[in-house]
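Produce the entire structure from the sequences given, and follow the hints as far as they go.
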Amino acid sequence: MNLAVNGTAHELESGPLTSLLDVLREELGITSPKAGCEQGGCGACTVLVDGEPRRSCLLPVGAVGEAEITTVEGLGTPENLAAVQQAFTHHYAAQCGFCTSGLMMAAHAYVAHGGTADQDAIAEALGGHVCRCTGYVKIIAAVAAVARGDSFDLATTAASPGMTNIGGVR
Amino acid sequence: MASAPEMVFPTSPADAAAAFGDGSGVTVVAGGTIVMPEISYGRLEPAKAIMLTQAGLAGVTRDGTTVTVGAATPIAELVDLPAPLGPCAANIADREIRGQATLGGNVCAGAGHDAPRGDLQGALLAVGATARSAGAGGERSEPLDDFLANRGGRLLLDVSFEEPAAGGFAALDRPHTHDYTAMAVSAARAADGTVRVAATGAGTHGQRLLSAEVKADDLAAAGDAALADVTPHDDALASAWYRSKTLPVLVRRALTQLKETS
Chain A
18 MNLAVNGTAH
28 ELESGPLTSL
38 LDVLREELGI
48 TSPKAGCEQG
58 GCGACTVLVD
68 GEPRRSCLLP
78 VGAVGEAEIT
88 TVEGLGTPEN
98 LAAVQQAFTH
108 HYAAQCGFCT
118 SGLMMAAHAY
128 VAHGGTADQD
138 AIAEALGGHV
148 CRCTGYVKII
158 AAVAAVARGD
168 SFDLATTAAS
178 PGMTNIGGVR
Chain B
-17 MASAPEMVFP
-7 TSPADAAAAF
3 GDGSGVTVVA
13 GGTIVMPEIS
23 YGRLEPAKAI
33 MLTQAGLAGV
43 TRDGTTVTVG
53 AATPIAELVD
63 LPAPLGPCAA
73 NIADREIRGQ
83 ATLGGNVCAG
93 AGHDAPRGDL
103 QGALLAVGAT
113 ARSAGAGGER
123 SEPLDDFLAN
133 RGGRLLLDVS
143 FEEPAAGGFA
153 ALDRPHTHDY
163 TAMAVSAARA
173 ADGTVRVAAT
183 GAGTHGQRLL
193 SAEVKADDLA
203 AAGDAALADV
213 TPHDDALASA
223 WYRSKTLPVL
233 VRRALTQLKE
243 TS
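First to last, the protein sequences are chains A and B.
Note that my numbering gives residue 138 to position 121 of the first sequence, counting from 1, and the numbers run on in steps of one.
Note that my numbering gives residue 244 to position 262 of the second sequence, counting from 1, and the numbers run on in steps of one.
Hints may be right or wrong, so weigh each one.
[To be verified] Listed next, with one range per pair, are the computed distances between beta-carbon atoms: (1) A:Ala140 x B:Asp45: 32 to 40 Å; (2) A:Val154 x B:Asp45: 42 to 50 Å; (3) A:Ala84 x B:Ala(-14): 30 to 38 Å; (4) A:Ala84 x B:Lys30: 23 to 31 Å.
[As the list claims (entries may be wrong)] Derived list of chain A stretches under chain B, where covered just means 3 residues or more per stretch with a C-beta under 8 Å from a C-beta of chain B: (5) 52 to 58; (6) 99 to 105.
Just so you know, the hints here were simulated from the structure itself, not pulled from any lab data.
Predicted, not measured: the structure shown is a model, and the values here were computed from it.
Don't be surprised by glycine CBs; every beta carbon is placed ideally from N, CA and C.
And the structure:
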């Protein structure tokens, strides 16, 4: 059985009823999808299957077929972050980071499908994702920024004492 | 897994029915949203698994006023259908799960470990849906009520129904972190004027609220009458007490929508 992940074809040893999550993490060593609840309730394992956000813990790898899998590793590079990665950084939309991979994949798909900066629409699109650091306000702000097409100077974000995106913190 | 399961990837409904046989020892996998945790946690070790992804059982088709929904149709494709089915589908879990989970898995789900399952059962009962299934003795079409009461050993192929003249759907609200709806009520008026009311989450599977139906013209009476049709239960999402207090409210809300849309 073959699997295409982030533009690379892999020959798999796992059986077809192995979850896509286990194949990515255990067999291929691609660890951005997180094993949270492993029953579809948290969204930490969300990856893109032909551009659509799906829970990799609920998807038997045998059902993936020819579809292309995209994970955070396929979004951008440290030198050339994707827009959603820049926005999450700029807006401090991650705390512990466990939910961040899944949220960024869902956010990337939301914007790629023409999603707007409307807060209710963003909340609906991300509704399957749980952040236990209670960071939804900044996450939604980050996704709205991507939808608007904001651009960021991340060097300034990290260094500036006068940054306006994180109130009261110096 | 103890040993590798026999895997079958049927490419037509007839192939799927043949592979299913009488269903003994067979695990059916479509969207995987219910069965995959069972497998991953080791509670289920399939001897033979039938993957329905390419079985030609997905899609919504219309013939006049008759709507037919294939069992492997993702729930996301149902959200634009008329009430009560569309709003019921849109209320299931979240966007990602709706894109993956299928009508067949939802309708055929057994009672959950700690929360109700089968959200679509109530809406489909309200529109008087017919279930077409395969299994021992061959293909069979029957009212969904009958199918739900005796669905062991059956492979659901599709459901069909006449588009209702009016519909209503009311559910207990839930935090976004809870996938399952604690309780919901669907109501529909057929073209011939027949009103059907059904609930999900008021019992172990979806059921008609026959006592509410006969009083459908009197909202308060219909809501109270519905309690005679159910045996509310405790689970992780709601107590039997809470369900008995809120069922009449949901019945009234669903029937109010029915009046407003007719």
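Against the structure, the hints:
1. A:Ala140 x B:Asp45: 32 to 40 Å: The hint (32 to 40 Å, Cβ to Cβ) holds, given that alanine 140 of chain A and aspartate 45 of chain B are roughly 38 Å apart.
2. A:Val154 x B:Asp45: 42 to 50 Å: For valine 154 of chain A and aspartate 45 of chain B the Cβ distance comes to about 48 Å; the hint holds.
3. A:Ala84 x B:Ala(-14): 30 to 38 Å: Check failed, 23 Å falls outside 30 to 38 Å.
4. A:Ala84 x B:Lys30: 23 to 31 Å: holds (24 Å)
5. 52 to 58: holds (count 4)
6. 99 to 105: Violated - the stretch 99 to 105 of chain A has 0 residues with a Cβ nearer than 8 Å to chain B, which falls short of three.
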